[in-house]
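S.K.: Full structure from sequences and hints, please.
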Amino acid sequence: MSGADTTAPDDTTRAGGGGSGPSGLSTRLLARMIREEWRLQAELFGDRFALFPLVIAVVAGLGVWLLTVAGTSIDAVAAGLHGLVFFFGLQVGTIGLVGRDALRDVLGDVTLLVFSARTLPVTWRRLLGVFVVKDLLYYSGLFLVPMAVGYAAVALSAGQPAGTVALLWLTTTGAFALGVGTSLTLTGVGTRSRAAVLALVAAAAAGILTGRLDIVALSPYGFYLDPSLRSAALGFGPALALAVAGPLAFQPVESGGARSAPQRYERVRSAIRDDGGVATRTLLEVTRSSGSVWKVLFSMGVLFGVTVLLVREVARATTLAPSYGIAVGTLLGLGAFTTYSWVTQFDSAEEYLRLPLSLSAAFAGKRTAFLVLSVPAGLVYLVGSLVWLPPAQVVVGAVVFPLVAVYVFGITAYVTGFAPNELLFDTPLFVAFGAALAAVAVPLVVAALAYTEAPTVAVGVSVGVSLLAAAVGVVLSNRAGPRWQRNLR
Amino acid sequence: MPAIETEDLTKRYGDVTALSSLSLSVPEGELFGLLGPNGSGKTTTIEILTGQLDPTEGSASVLGHDPVVDPLAVREAVGILPEREDPPSFLTPREYLQFVGDVRDLSGVDDRIAEWADRLGFVDTLDTISTDLSEGERQRVMLAQTFIHEPDLVFIDEPLVNLDPIMQAEVKDHMRDYCDRGNTLFLSTHFLEVAEQLCTSVGIVRDGELVAERDPRDLDPDEQLLDYFRREVEPEGATGGIPAGGATGESGR
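Here the protein sequences line up with chains A and B, keeping their order.
The first sequence maps to residues 1 to 489 in the numbering used here.
The second sequence maps to residues 1 to 253 in the numbering used here.
Simulated from the structure, these hints should not be mistaken for lab results.
Careful, some of the hints might be misleading.
To spell it out: a stretch of chain B is covered by chain A in this simulated footprint if at least three of its residues, at any positions, have a beta carbon under 8 Å from a beta carbon of chain A; those stretches are [to be verified]: (1) 44 to 56; (2) 124 to 134; (3) 191 to 200.
Just some of the chain B residues that point at chain A, by a computed CB distance under 10 Å [what the hints assert, rightly or not]: (4) Y13; (5) G64; (6) V68; (7) T92; (8) D102; (9) Y178.
Source: prediction; values computed, not measured.
Heads up, the beta-carbon is just placed ideally off N, CA and C, and yes, glycines get one too.
M.R.: So, in structure tokens, the structure goes:
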């Protein structure tokens, strides 16, 4: 993508042929990108990924059913789904569109249409815009439709009108678009000025905290709550504006012969006391890739925000007063999966198989890098929550979070090795991984909810479960090396 | 003792046989070239000999180590330059070579880096992020990581790809000099003229089988390695296949 010509003459006057206009060109690009995506997934994962929507529908249906059985109102579930989908959109935008290197490194040696700006008379902005639409359609079909189907199965039997269920699909799609658009726009602005990104985030945070920014009204969830013309404009407007602003703001980074201080490697290695070098190189790679360490902080922040909102919704919708500390610690720990994908993004197991280094040593280095990146990022938010949470709750969160993160590292390393993204479309792998996470998440969430009635027991159980999970994580991460060594040879 | 010895080495992927009963012996000090068409089993051979892949059948010995039983010992002792491998995108050449030095537990890494950067002409880009290097510059860094620990045996898959003519000549000289000092080099290439100029022995593989082995210096004066190669890899009566000149940049497993 480097060198993509953003100032090229208007591609609509040169490309397309056959007398088609700009929309014709975009439509054809979109059709080809969708076909390309389908073939890419089929090539990577065979036909197994076609089962994925079914799994999503079943998991969503079960989840909604369990929540309603536990006394959560269907309206609270709908609110939570909007939050989750928005979060998912943010993640998709962050991972998939953080920049040219992320696209290249996530997708490897694959030449995609979105890379064509250098060789075809099509502008980068058009390609990126079409790429975003393709992603929206693709994820909507594969995730959001099945999720709405799963929700509908429970909601209709609970007496929800069919129109509301259909509305949920529309507004969750909007929430997903809002998430992707937000990520993309922040990334796009970031290619011009990092200070501007910080200013935008700070302004949004200030607006939310002071109550001047009504995030519900300015999101598709606002339209779900109050279906009217005004709320449609208010709710979907920001998502549309951001989806347009992102590609417009994006400025491909030219290859600039970036240099580094000669002693950087040694300094990092000494600082973390890394003998093998794997942790050092991983930290350097993550910090130099698009988004640097900020992407870790950003994804943790999103998780933190969503968790706080969910806990608040549960507290509002029920008579429970769940433990923020346990809930936030658990979700931040589970969300460290994203950090795992970043620390394994820039190398491969095959590379280590060519060096006199066991994969066990490689995974040990990855674990160090993973903890160095994720633990401080999560603790930033936990410490920040001291503003409104009692210290005892924060301490519990600060204990649960790193222990769950160690578990997540172990299970991810053991199940996926150096290719965590395969989880996305490998259904059996996804189910196994989801079950392993649920085995720890469910008792912790129950403990968070039970905090109302028995705070001491809830804290004891959550710390105990987290310690046990961390021990399992350590065992699994130690076994990941030999397992993958066998599999790859 | 030969540097490399294999007996009936076979690798199957389901119904596909990538390598079939490969038996060869490469003495120390040899510059051995493994030649063959795309998909003939050259890269698979290197991956088995360096412990990256296990054979389905057969055995191998590399500098006295069994790559199946002790792959780390093999990789400690040898250098490997895979085909189409770049240094990590977000490390500088210096950092990558420091990392290789750490993994190999080398002493005097800074001096070694300086020496190889000077020899392969990347002193000026030592601290440039690799993603901003040209393909030729990246190949030089990969060559440096192959030789930086002064191994007795090196496996190289297409050594000259992306290098300019001057650097190609220097690398060829280095490989000759390396073997003259008693070291062994196992080369896989499509560039027949490179094999003709450098190798003291070549093996030709076709469909996973070693079909011929000879010293290219023993060819008849009016015979070229390309003619010999054609005879061995093309089925009788077939025409075409290998283009005149014989040198291609294509790759295959």
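S.K.: Decide, hint by hint, whether the structure agrees.
M.R.: Evaluated hints:
1. Chain A is given as covering the region 44 to 56 of chain B, and this holds because 5 residues of the stretch bring a CB closer than 8 Å to a CB of that chain, at least three being needed.
2. Given as covered by chain A, the region 124 to 134 of chain B passes the check, having 6 residues with a CB less than 8 Å from a CB of that chain where 3 are the minimum.
3. A stretch counts as covered by a chain when three or more of its residues have a beta carbon under 8 Å from one of that chain; for the region 191 to 200 of chain B and chain A the count is 0, and the coverage is violated.
4. Evaluation of the Y13 of chain B hint against chain A yields a violated restraint, the C-beta minimum of about 13 Å exceeding 10 Å.
5. Proximity of G64 of chain B to chain A is violated relative to the hint, the smallest CB-CB distance being about 15 Å (cut-off 10 Å).
6. Below 10 Å, beta-carbon pairs count as interface contacts, and V68 of chain B has one with chain A at about 8 Å; its hint therefore holds.
7. For the restraint placing T92 of chain B at the interface with chain A, the shortest Cβ-Cβ distance is roughly 5 Å, inside the 10 Å limit, so the hint holds.
8. For D102 of chain B, the shortest C-beta to C-beta distance to chain A is roughly 3 Å, which falls under 10 Å, so the interface hint holds.
9. Interface hint status for Y178 of chain B: violated, as the beta-carbon distance to the closest one in chain A is roughly 19 Å, over 10 Å.
Taken one by one, the earlier hints fail for this structure at numbers 3, 4, 5 and 9, listed in ascending order.
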